[in-house]
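Listed below, chain by chain, are the residues.
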Amino acid sequence: MYVVVAGAGKVGWNLARELIGKGHEVTLLENNRRRYLTIEEELEHSVQYGDASELWVLERAGIQRADLVIAVTGDDEDNLLICQIAREKYLCERIIARVNNPRNVQWFDLLGIKPAVSATDLILRLIEHEVPSYGLVHLLDLPAEQLEIIEVEVTTGAPAAGKSVEQIDLPEGSLIISVLRGGKGFVPKADTVVEMGDEVLLVLDPGLEEAITKQFAPDGLGESAN
Amino acid sequence: MFVLIVGAGRVGSTIARLALSAGHQVSVLDEDPLSHERLDEGQSTSWEDAGGRFTVGHAIEIEALEEAGIDDADVFIASTDGDNTNLVIAQIAQRKFEVERVIVRVMDPARATWYSQQGLHTICPTSAAIGEFKAALEIA
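Same order as they appear, the protein sequences are chains A and B. Quick note: to get the working numbering, add 16 to the position in the first sequence (first position is 1). Quick note: to get the working numbering, add 2 to the position in the second sequence (first position is 1).
Hint data in this document are derived by calculation from the structure and do not stem from the laboratory. Heads up, some of the hints might be wrong.
[Said to hold, decoys possible] If you want the footprint, here are the derived chain B segments under chain A, 3+ residues with CB under 8 Å:
#1 60-72
#2 83-90
#3 94-108
[Said to hold, decoys possible] The calculated lysine-lysine pairs, modelled on DSBU-like cross-linking and capped at a C-alpha distance of 30 Å, are:
#4 Lys179/A to Lys200/A
#5 Lys26/A to Lys38/A
#6 Lys130/A to Lys26/A
#7 Lys98/B to Lys130/A
#8 Lys130/A to Lys200/A
#9 Lys105/A to Lys98/B
All C-beta atoms, glycine included, are put in the ideal place defined by N, C-alpha and C.
Okay, chain B solo, but in the shape it has when bound (with noise of 0.2 Å):
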């Protein structure tokens, strides 16, 4: 599988490193060059040589979407630091490139609500916190 991962902070490095152990091609994109620096932590060999792509830009740049390969992507997840962006972008990758499978993550638990209601695969790690919280609460 090909997983485009756009936005490169603590979870999209993390689950970009996961895929590409896992034997998926991985390209990342992120506007900060410096974000690359995540992908090597903790590594023995480089992003790139560990067959990695990287692509600096900003995820609503059409040109940056395809330099980064979205043509090809199999998967499209969107995990930039704000919400409305990554809302946008998901929607670009299903109705303009239709990627086949879209992940978006919201941290706005109502705006993730709505849009999951509206055919968009979300993922609220707000929700999920509260949730946890309510756990360790033992509250209902």
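If we strip away everything but chain A, and leave its shape as in the complex, we get (with noise of 0.2 Å):
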């Protein structure tokens, strides 16, 4: 795979590092001069000087041949305008963007610019998974392909608890696909019952999230309603 990576900080030199030893090639921009020669000395042909939001810059570094275009500057602005030119001019399929203030990650939506990471929301949903009062954990979110992967504990009293899958009232477009009881997970059949303190995988639609946890974890729903 040839990935053209936009920023050589902490975050961008590192990336280019690994995915080198991963057998990837790699152009790595830099914008500043003295950076870039200290980089130049470990990664060579590897890294190119230049702003990464010149266009001819990154016709030099090959953007044309990208399978991926990274911009990780320290500028929300400059990595989102990397990955719309990228995207769209060079017509890269694949980008990933960070984003360095998480206020900014709407405009990111709103110029379609995704997966757009976030150090913040990463951290936020580290905490999520690992604070077990929060009802509902996403596992895994995949907006454009409309489908999500939640973990809910089964809390006391919940309608869910004691019955079996079959008999659980789940909204139309969700489906539990494992269970998790014990430190073991399964794949539960139609009479499996579900047991209080189990934890719960579904896949469903967007959007369902509160119909779930009435479900499952009636009380969590306060805290995990974000």
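Grab the two chains, each in its own frame, and use the hints to assemble them into the complex.
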């Protein structure tokens, strides 16, 4: 795979190093002369000097044949523009943008730049996963595919507790794919009885979280409704 | 007409004064409070007394744009010193706030050309300067 990485800060440099280590061809772009010279000692011809939002710099890096463009500079406007140009001018199919300020996520959405990765959101996601009082955890979101996989712990008094899978009143567009009990996961059958304390994995259409929470963790609703 | 100008440098502040004296409503947004001085420069009355608005804030912040009145803007001018900032906020004005006329300054001719092909009204001072030099040198 050929990858163009814009911005050789800590994120960009380490990404480039890892990708090269995995056998990918990489061009890293850095606008700061000093930083470029430091990195060039290690990465040699895999790093190029220049402003990655300039078209000729992107073209010199061979953006036309890039399989993936990753914009990880410290400036959100630059990351937005680089990804927009990569996708719309050079028809690069896969892009990844870094969001430095989570308040700017809305602008990445507005311009259709995705995935847009925000460290703040990732940490929040981890907290959501680590803090058990949150009723429902998003394991995977694929907004373009209209698909989500969530995990929910069955609480005391939940309508689903003590019912078999076929008896549970699941909303249309959702399906139980796995049950974790005592640290072990298994795929339930129609007659599998869901118990309190089970962690249930479901695949669902976006927007069904509230209906799911009502069935499995009605008390956790307030905290998990994000 | 209500004109919102983002970036009160030499160009932005001059256009702001011209638009105001031409009878338009003008609001200026800049992240540097001191840029206000450029609006008052050489004027007998202060910018606000003359009827202008001035907001301090960064153009990519939605609150700053709203405070500066983007919801009522008929014209949006992006004239900060950053090409990428201008191109992003111009698209925000166009797509999110549906401002009717959006004009964006882009110093880099290559980006200016490509974004104008995408439907943005871009103005490229670099291309203008090159044109003037060519005329002065009498080369085609």
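Is the Cα-Cα distance between Lys26/A and Lys38/A 30 Å or less?
Distance ~18 Å between Lys26/A and Lys38/A Cα, so the pair holds.
30 Å Cα cutoff - pair Lys98/B, Lys130/A:
Roughly 17 Å between the alpha carbons, so the hint for Lys98/B and Lys130/A holds.
Do at least three Cβ atoms from the segment 60-72 of chain B come closer than 8 Å to Cβ atoms of chain A?
Coverage by chain A holds for the segment 60-72 of chain B (3 residues, Cβ < 8 Å).
How about the segment 94-108 of chain B: do at least three of its residues have a C-beta closer than 8 Å to a C-beta of chain A?
n = 3 at 8 Å, threshold three: holds.
Need the status of pair Lys130/A, Lys200/A: alpha-carbon distance at most 30 Å?
This hinted pair is violated, its Cα atoms lying about 34 Å apart.
Within the assertion that chain A covers the segment 83-90 of chain B, do at least three residues meet a Cβ-to-Cβ distance smaller than 8 Å?
Since three or more residues must qualify, the claim that chain A covers the segment 83-90 of chain B holds, with 6 doing so at under 8 Å.
Run the distance test for Lys179/A versus Lys200/A: straight-line Cα separation, threshold 30 Å.
The hint holds at about 20 Å.
Regarding the pair Lys105/A and Lys98/B, is the alpha-carbon distance no greater than 30 Å?
holds (22 Å)
Is it true that the CA of Lys130/A sits at most 30 Å from the CA of Lys26/A?
Distance of about 21 Å is within 30 Å: holds.
Violated hint for the displayed structure: number 8, the only one.
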